[in-house]
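Number of protein chains: 2
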Amino acid sequence: MDLSKLNQDISNVKPSVLRQFDHDISADPKIVKLTLGEPDFNVPDHIKQAAIKAIDNNESHYPYFWGVQELRDAASSYYHDKFGYNYTSDQIVVSVGATEGLAATFHTLFQPGDAVIIPTPAYPVYKSMSDVNHLQALMIDTRANGCVLTPEQVQQAIDEHPELNIRGVVITDPSNPTGAVYTEEQLHALVPVLRDNEIWVISDEIYGELTYGVKHYTLSKWLSDQTIVINGLSKSHAMTGWRLGFVFGPSGVIDLIAKCHQYQVTAATSIVQYAAIEAMTNGEEDAEAMRVIYEKRCNYLRTALGKLGLDIVKPQGAFYVFVSLPDAWKDDSMAFAKKLAKKQHVGVIPGAPFGDDHAIRISYAASDESIHAAVAGLKAVLEDIGAVPVE
Amino acid sequence: MDLSKLNQDISNVKPSVLRQFDHDISADPKIVKLTLGEPDFNVPDHIKQAAIKAIDNNESHYPYFWGVQELRDAASSYYHDKFGYNYTSDQIVVSVGATEGLAATFHTLFQPGDAVIIPTPAYPVYKSMSDVNHLQALMIDTRANGCVLTPEQVQQAIDEHPELNIRGVVITDPSNPTGAVYTEEQLHALVPVLRDNEIWVISDEIYGELTYGVKHYTLSKWLSDQTIVINGLSKSHAMTGWRLGFVFGPSGVIDLIAKCHQYQVTAATSIVQYAAIEAMTNGEEDAEAMRVIYEKRCNYLRTALGKLGLDIVKPQGAFYVFVSLPDAWKDDSMAFAKKLAKKQHVGVIPGAPFGDDHAIRISYAASDESIHAAVAGLKAVLEDIGAVPVE
Numbered sequence: 010m011d012l013s014k015l016n017q018d019i020s021n022v023k024p025s026v027l028r029q030f031d032h033d034i035s036a037d038p039k040i041v042k043l044t045l046g047e048p049d050f051n052v053p054d055h056i057k058q059a060a061i062k063a064i065d066n067n068e069s070h071y072p073y074f075w076g077v078q079e080l081r082d083a084a085s086s087y088y089h090d091k092f093g094y095n096y097t098s099d100q101i102v103v104s105v106g107a108t109e110g111l112a113a114t115f116h117t118l119f120q121p122g123d124a125v126i127i128p129t130p131a132y133p134v135y136k137s138m139s140d141v142n143h144l145q146a147l148m149i150d151t152r153a154n155g156c157v158l159t160p161e162q163v164q165q166a167i168d169e170h171p172e173l174n175i176r177g178v179v180i181t182d183p184s185n186p187t188g189a190v191y192t193e194e195q196l197h198a199l200v201p202v203l204r205d206n207e208i209w210v211i212s213d214e215i216y217g218e219l220t221y222g223v224k225h226y227t228l229s230k231w232l233s234d235q236t237i238v239i240n241g242l243s244k245s246h247a248m249t250g251w252r253l254g255f256v257f258g259p260s261g262v263i264d265l266i267a268k269c270h271q272y273q274v275t276a277a278t279s280i281v282q283y284a285a286i287e288a289m290t291n292g293e294e295d296a297e298a299m300r301v302i303y304e305k306r307c308n309y310l311r312t313a314l315g316k317l318g319l320d321i322v323k324p325q326g327a328f329y330v331f332v333s334l335p336d337a338w339k340d341d342s343m344a345f346a347k348k349l350a351k352k353q354h355v356g357v358i359p360g361a362p363f364g365d366d367h368a369i370r371i372s373y374a375a376s377d378e379s380i381h382a383a384v385a386g387l388k389a390v391l392e393d394i395g396a397v398p399v400e
Numbered sequence: 010m011d012l013s014k015l016n017q018d019i020s021n022v023k024p025s026v027l028r029q030f031d032h033d034i035s036a037d038p039k040i041v042k043l044t045l046g047e048p049d050f051n052v053p054d055h056i057k058q059a060a061i062k063a064i065d066n067n068e069s070h071y072p073y074f075w076g077v078q079e080l081r082d083a084a085s086s087y088y089h090d091k092f093g094y095n096y097t098s099d100q101i102v103v104s105v106g107a108t109e110g111l112a113a114t115f116h117t118l119f120q121p122g123d124a125v126i127i128p129t130p131a132y133p134v135y136k137s138m139s140d141v142n143h144l145q146a147l148m149i150d151t152r153a154n155g156c157v158l159t160p161e162q163v164q165q166a167i168d169e170h171p172e173l174n175i176r177g178v179v180i181t182d183p184s185n186p187t188g189a190v191y192t193e194e195q196l197h198a199l200v201p202v203l204r205d206n207e208i209w210v211i212s213d214e215i216y217g218e219l220t221y222g223v224k225h226y227t228l229s230k231w232l233s234d235q236t237i238v239i240n241g242l243s244k245s246h247a248m249t250g251w252r253l254g255f256v257f258g259p260s261g262v263i264d265l266i267a268k269c270h271q272y273q274v275t276a277a278t279s280i281v282q283y284a285a286i287e288a289m290t291n292g293e294e295d296a297e298a299m300r301v302i303y304e305k306r307c308n309y310l311r312t313a314l315g316k317l318g319l320d321i322v323k324p325q326g327a328f329y330v331f332v333s334l335p336d337a338w339k340d341d342s343m344a345f346a347k348k349l350a351k352k353q354h355v356g357v358i359p360g361a362p363f364g365d366d367h368a369i370r371i372s373y374a375a376s377d378e379s380i381h382a383a384v385a386g387l388k389a390v391l392e393d394i395g396a397v398p399v400e
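In order, the protein sequence lines correspond to chains D and U. Counting from 10, one number per residue, gives the positions in the first sequence under our numbering. Counting from 10, one number per residue, gives the positions in the second sequence under our numbering.
Hints are computed from structural coordinates only; laboratory data are not their basis. Fair warning: this is a prediction, and the values are worked out from it, not measured in the lab. Among the clues, some could well be false.
Claimed, not checked - To spell it out: a stretch of chain D is covered by chain U in this simulated footprint if at least three of its residues, at any positions, have a beta carbon under 8 Å from a beta carbon of chain U; those stretches are:
#	stretch
1	111-121
2	242-256
3	262-269
To be verified - Computed list of chain D residues with no C-beta within reach of chain U, every gap over 10 Å:
#	residue
4	Pro171
5	Trp338
6	Asp340
Quick reminder that beta carbons are idealized off the backbone N, C-alpha and C, glycines included.
Next up, chain D with everything else stripped away, as it sits in the complex:
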């Protein structure tokens, strides 16, 4: 069979470098992994018990494709109380993790050929989702502004690209991979240019509960009629593998996203939905204990990396630091990550897929021991290339 006749958008999209690199280095039994955005915490016990109860209660039938009503009711309240979201339960779709919510949103909002602004450094999946939907991804480098998109940059993109039909922008706040967090003013400043140009906002707030010394805000507060919010339990409740996300959006559009979601997956797993009701009802404080520990690790890493003379974006949220490689390193980010994995058995993700080929992303959703080992390994590689400052 002639594979060139298959959907070229799928053939051409790059597989996830993050997950492939993580998978490949996992063959090393000594590897210390600070690769994926994978909490090292367990699912809170009361949520596990709720899942077990759902299994015992034989909650094994198809949930309504939008999601279990009680869960959508609970999520409506939970996120209203946490972040001021203003969505009723019939404006919420329960998705198979944030990824599936993003996939349904990308597929629904845009027509093939439309352009979407992706501020970089960015989680590479946005570009991949643009590719599989035959969209133009317009990458805007935000490193000069502390990794925060400005209205001037949006306007400039519009002015410089009259050939593009710019229909969307992705805001990841807190940011993966940099940990940057938008202030209320920075978000609010984006409102006029996005409103005037009728640009849909895909607001990925999956790390919203993990901020350090700053508060999380949502663009949906001011642009509710053109914002789709993505959130879920993967990071806040350490439920990555359980696959439970939410899509929030204005009526009309959310109905279309729900329909797209139905034809992607039918529904999210029933027993996980029942567990999520517990998380949304009695789990408001679950993230806090983890957040405190993440913050300590973050502070440790900032200090330790500073001592190694490394330059990082100041992290205020999520659980990553995005580290510029020293000038002494002349090769690309993948070569650095491979060297670190091979010589020191430390796994980090190369910066290239995020849009910076002279950087690495270190996840501190890992144990203290792993983080200490990673710093030691990093130090050894830096010494090896002659890039450790005199203490």
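Got chain D; can you put chain U on it based on the hints?
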């Protein structure tokens, strides 16, 4: 915001009539539902225990996107032993139920504008998936041949539609909604025309374990290099809401489907994958007890519906009967289903979305009491419209 600028493939696709009708009639507390393909059995206890063990063991992290290796190994053996599939574990993707496997397959195999043959009566999701991927669905009525597609029909479609780029065909065997099952000869007869015209086969075998007095065969036996098989645990192990499916395909293509799947959902739910290992390892006989009961119900229904003078396709598999409405009924199938629901509190699915607006689909994945009540309700409606034969 102007919704006409959204993806018109999503805007235009019809929502699932099956699920919407099921949802709508569920508001009636007295309703007896024979609507969805939803086993009334519980998940076998050893599988439930395996899921609970996975929760206790904190299997809450991202599975590798292809699926847990041990599960793919087990599925490779299980389906080889059951049906003679010949797929190694690296030719198997674990999907979020059969639906997500189908979605990834449709998105990967075809380019926008390609045509796909859908033999009718058909599960309406195939048409919807064609629509959301901007494909042409070429519906071929198989009712004259016992609801089995013939090579002559495929050739005729090719000859009559030189304007179409026919790239795929969906074979549902056993069939939803008719319960028809292909013989080995009928499948084998399709091989030359499909091979000569390089037509991909999407072989939906989700009901493969549920056949009555006949054996299930697979086209993948003869057309392994151009067949994608869809299967999963929803029907065989009564795990619909748990969302666990498999996609089997030749190397090269399956790698692309895996990539598409990754950008749809990241991975299937971890705890369900661990439960599925148990199903694939020690659950070979799970379906049999259910199959025996389904067969009894099927026989009961055939007799009872025959006494009511109703004409049905002879069901040899799955858990549906597809019933032609009597000549005395002059309105469409939705009106009949609504009348049956309203007057007799019996829920069945109208035939229109399957491709026959003078039929209904009755699911016997329901308790004996429900099935008896449904027959009584059906009889009452038939009497009401003057369509019950003198006994």
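Status of the hints after comparison with the structure:
1. Closer than 8 Å: that is the beta-carbon criterion, and the stretch 111-121 of chain D has 7 residues meeting it against chain U, so the requirement of 3 holds.
2. Coverage of the stretch 242-256 of chain D by chain U holds. Counting CB-CB distances below 8 Å, 6 residues qualify, and the rule asks for three or more.
3. Residues of the stretch 262-269 of chain D lying with their CB closer than 8 Å to a CB of chain U number 4, which satisfies the three-residue condition for coverage.
4. Taking the minimum C-beta to C-beta distance to chain U, about 17 Å, the non-interface status of D/Pro171 holds against the 10 Å cut.
5. At roughly 29 Å from the closest C-beta of chain U, the C-beta of D/Trp338 stays outside 10 Å, upholding its exclusion from the interface.
6. Listed as outside the interface, D/Asp340 is consistent with that label: its C-beta sits roughly 27 Å from the nearest C-beta of chain U, beyond the 10 Å cut-off.
Of the numbered hints stated above, none is contradicted by the structure.
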